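Novice: Chains G and R supply the protein sequences, listed in that same order.
Residues in the first sequence are numbered from 1 upward in steps of one, following full-length UniProt numbering.
Residues in the second sequence are numbered from 1 upward in steps of one, following full-length UniProt numbering.
Treat the hints with care, since some could be wrong.
Where chains are identical, the list cannot tell them apart; a pair therefore holds if satisfied intra-copy or between any two copies.
[Said to hold, decoys possible] Cross-link-like lysine to any residue pairs, in silico, SDA-like; alpha carbons within 25 Å at most:
| hint | residue 1 | residue 2 |
| --- | --- | --- |
| 1 | Lys240 | Pro34 |
| 2 | Lys240 | Val137 |
| 3 | Lys287 | Glu59 |
| 4 | Lys208 | Glu317 |
| 5 | Lys46 | Thr78 |
| 6 | Lys287 | Leu250 |
Just so you know, these hints were derived from the structure itself, not from any lab.
As the structure is a computational prediction, the values presented were derived from the model and not from experiment.
Number of protein chains: 2
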Amino acid sequence: MGIKTYIERVTDDLYVLRVDDANIEFFEALWEIPEKISYNAYLLVKEDHVVLFDGWKAEYSQLLLESIGKVIDPRGITEVVVHHVEPDHSGSIPEIARVSEKAVFLGHPLAGRMLSSFYGVRRFKPLQDGAVADFGVKARFIHTPWLHWPETAVTYLEDEGVLLSCDAFGSYSLPPLFDDQADFTGLERAARKYFATVIGHYAPFVSKALEKLNKLGVRPQIIAPGHGTIWRRNVDQVLKLYANLAGEELGGEATIVYVSMYGNVESAAQLVEKALKERGLKVNVYKFTDKARASMGDVLESISRSKIVVVGASTYESEVQPLMRYLLGIICEKFSYRKKLSFLVLSPYGWSGTGGKKLGEALRGFGFSRVEVVEWEGRLTDDVSKRMLDALERVL
Amino acid sequence: MGIKTYIERVTDDLYVLRVDDANIEFFEALWEIPEKISYNAYLLVKEDHVVLFDGWKAEYSQLLLESIGKVIDPRGITEVVVHHVEPDHSGSIPEIARVSEKAVFLGHPLAGRMLSSFYGVRRFKPLQDGAVADFGVKARFIHTPWLHWPETAVTYLEDEGVLLSCDAFGSYSLPPLFDDQADFTGLERAARKYFATVIGHYAPFVSKALEKLNKLGVRPQIIAPGHGTIWRRNVDQVLKLYANLAGEELGGEATIVYVSMYGNVESAAQLVEKALKERGLKVNVYKFTDKARASMGDVLESISRSKIVVVGASTYESEVQPLMRYLLGIICEKFSYRKKLSFLVLSPYGWSGTGGKKLGEALRGFGFSRVEVVEWEGRLTDDVSKRMLDALERVL
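Based on the sequences and whatever the hints tell you, model everything.
Specialist: Below is the structure:
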């Protein structure tokens, strides 16, 4: 498939170099993303400095060099700032290191250790947290640990008001280069999904990072992330979105996620869906059936907007149904910082129930206290329906 | 999509009624089956008896009635033998019960409880284990618990030498009606995969059932299962296959299954693949990457032929990578009866390793003792490669 790249000015001196990864199906080999993802590197050309911020995935190394070459000879790169060594950004570093012989690699000390162990690249100089480098423009290097790895950092180009944020504020999908070329709603959804899948597990560190940036007087005019659109119109909105996503306060919607082998769980889920809608809640339903599967990333994105999660799966081999065990494990790990989330577990069985109980125990084990479990034998009778709606009442 | 059905004589009095489920993607909402699956019911028409053995999925109820109607008026059905109440076979029972007003439903007492709780069908008469019913021909009802549910049974038509085996000896895919119309190799693969995914967890009960059938003098000429081809040429082979699949003895092949986010795990897996091939082993590789995913059912089918399983996945958020946690959980549950299986775990990490250790602990927790774990930081160096090959040596 033809791979699309972009080279465009973000400011007078700063270029975005973006590649749209049309070959990917599963980000991190984990998240289904039919909407795809982009990798954004940035190139600062100012006075004697040619500074590359981050890069692309290994398979696009040559394309990155070609893109740089359309701005300036890549052999002239003086510094490479490595905010984050995950290979979707750093995979092209070995090629850059080979071609740009005089480039020095800069980053958090841990990034240096990773560059060495991942790629054998040792032309590294550590940056201190808060240090201001002179790249012709002042560039403040700020360590933002666990956003999304321990070495992760951002750079604030103070004179230009540009925050180079790498994973933070990144999005899935292949949106326009700049956020003023599209509606915020769709962009927000793509950023939410990225947060929920990749960064959500470290939400408390996001709050800390936002506080840190604020204390340092970082008031960006432009936020230029490593994935997706560049924020220049909705900067305040996306900062607010992150504060909201990282916080413990719940959204107002409802998420229903279920695995239905033969339709029994589905009937129960539909009953609860109806009851939730009657209470005026927006309900988002994600089905895993014999015919189709929802995307796990969409489930997480929806939960980030929800106050209640309805989970449906039958007992399977006297255990939790394996696909639901997988889904719920991820949900718990990603949302363990939102302890006020309510859960309603719907779990039928053929001859003896254990799956539902175990789902309930798993949720409580992760520290969720608002958990109701309804197990029942066989089909959805009036009695079972009543138990279900009563349980919903208790957990809402 | 057009749904294909078959009506054909198995013996003078016995018809197979088969529907090919072209709409399905995930059997049990769990197993990826691009090869699809069929549901086989059987109709015995002899003297005053019109006996239906099992049925189809609910969505094909009308089609089943139409198919029966091409042989005989379904209102004339006298008995319905319910070997197994899982809805892929029993989903059409409510419609049959509605139309065939005088039909009595027969099965293990637990099947009666399930018919009542699943469908509200109470026109039930329990059959005793070993009872011989007179359907115009002698039909011996044999309880084969956990093959694949606790109520599951088979019927042996003694005069005709036909074993109606429901899930046992069933296959995925849409093979010819009879096994003499295709090569055994492909049919065997489809039966293996069905066993590994659906029945494998209960393997010890399969051995017991085979012994029980043998003691009862069941020497079928024809094995007529609820899914896939009818065995009439390869009866001995498929009985032997089941004895083999249910036993603790390992196959001679190697299975490699890995989740590779950015290619590092893949490099390690390729190294081990080469080493295994150099030792003359047949190696089957199943990849879960950013571009494609193998099918879990194929992984299990391969393990049923293997003596060693190589598992590759990096640490993820200080835990086992979630997709591998899912895969390995299923592998352990399905093959816990094959304790002699060897496992080699390959697990890189970025800054601290835990995923590999935890995979090793999970395997040992399931009772596997031949487990080696190799964790390493960063890329595959010569030193890491050596550790890996040494570990392989110890576990082979």
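Novice: Tell me, please, which holds for Lys240 and Pro34 at an alpha-carbon limit of 25 Å: within, between, both or neither?
Specialist: neither (27 Å within a copy, 44 Å between copies)
Novice: Quick one: Lys46 to Thr78, C-alpha cut-off 25 Å, is that within a copy, between copies, both, or neither?
Specialist: For Lys46 and Thr78, only the intra-copy Cα distance (11 Å) is at most 25 Å; the inter-copy one is 90 Å.
Novice: Could you figure out if Lys287 and Glu59 sit no more than 25 Å apart (CA to CA) within one copy, between two copies, both or neither?
Specialist: Result: close only across copies, 18 Å inter versus 34 Å intra.
Novice: Between the shortest in-copy and the shortest cross-copy C-alpha distance, which are at most 25 Å for Lys240 and Val137: within, between, both, or neither?
Specialist: Neither: 28 Å inside a copy, 76 Å across copies.
Novice: Classify it for me, Lys208 with Glu317: is the Cα-Cα distance of at most 25 Å met within a copy, between copies, both or neither?
Specialist: between (44 Å within a copy, 18 Å between copies)
Novice: My question is about Lys287 and Leu250: at a cut-off of 25 Å on alpha-carbon distance, are they close within one copy, between copies, both, or neither?
Specialist: Classified as within: same-chain Cα gap 23 Å, cross-chain 37 Å, threshold 25 Å.
Violation of the numbered hints given earlier is confined to hints 1, 2; the remaining hints are satisfied by the structure.
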